[in-house]
Amino acid sequence: MTQAAEDLFEGIRIILRTFTVDETRFPPAEGRIKYNALDFQSLYYLDSNPGCKNAELAKHLGISATTSQSVCDRLIRRGFVRRESNDSSRRAISLRLTEEGQSVVAAIHRQDLANCETMLLALPASSRKQFASQILQIASSLSTTDE
1427 MTQAAEDLFE GIRIILRTFT VDETRFPPAE GRIKYNALDF QSLYYLDSNP
1477 GCKNAELAKH LGISATTSQS VCDRLIRRGF VRRESNDSSR RAISLRLTEE
1527 GQSVVAAIHR QDLANCETML LALPASSRKQ FASQILQIAS SLSTTDE
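In my numbering, the protein residues as written are 1427 to 1573.
Be careful, since some hints might not be right.
Unchecked claim - Below, a list of computed lysine to aspartate or glutamate pairs in the EDC-like style, where the Cα atoms sit at most 16 Å apart:
#	residue 1	residue 2
1	Lys1460	Asp1448
2	Lys1460	Asp1538
3	Lys1460	Glu1449
4	Lys1479	Glu1510
5	Lys1555	Glu1543
6	Lys1479	Asp1499
Since the hints were made in silico from the structure, they are not lab data.
Could you put together the complete structure from these sequences and hints?
Following this line, the structure appears as structure tokens:
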């Protein structure tokens, strides 16, 4: 391993712990819900893909349909998601965010942006845009689905 990879690993490890584990400094979703990667990513996907099917969500997340179903069941119990009949097929079920789910997604997004601002403030102003561009470049190279 290169030293650059070791440094990147250590930095990512600290950032993940800070923003996803330590709820005291940067509470997830503005303190409205506990962090759960599958829940947060599912809510983001459902926000931008209203009426999608469970199989589409599972494919996007790269998880099994049964795992996606469990996530959706949990989000439904919490009042964030609802199932409804699909217009194209009576047997197909679509997933949509509830008003509460939309509100939580908005809180997650605001908190995520605030966390990013916090991270960028650690860099000189002159290098922030380039850093963000490089992170996006890495993310784009890893993405297997349309974001």
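How the hints compare with the structure:
Proximity of Lys1460 to Asp1448 is assessed by CA-CA distance (about 11 Å); at most 16 Å being required, the pair is judged to hold. Note on Lys1460 and Asp1538: the hinted pairing holds, with a Cα-Cα distance of about 14 Å set against a maximum of 16 Å. Under the criterion of a C-alpha separation no larger than 16 Å, the hint pairing Lys1460 with Glu1449 is consistent with the structure, at around 8 Å. Annotation: proposed proximity of Lys1479 to Glu1510 holds, straight-line Cα distance about 10 Å (limit 16 Å).
The straight-line distance between the Cα atoms of Lys1555 and Glu1543 is roughly 12 Å, inside the 16 Å bound, and the hint therefore holds. For the hint pairing Lys1479 with Asp1499, the CA-to-CA distance comes to about 13 Å; that is within 16 Å, so the pair holds.
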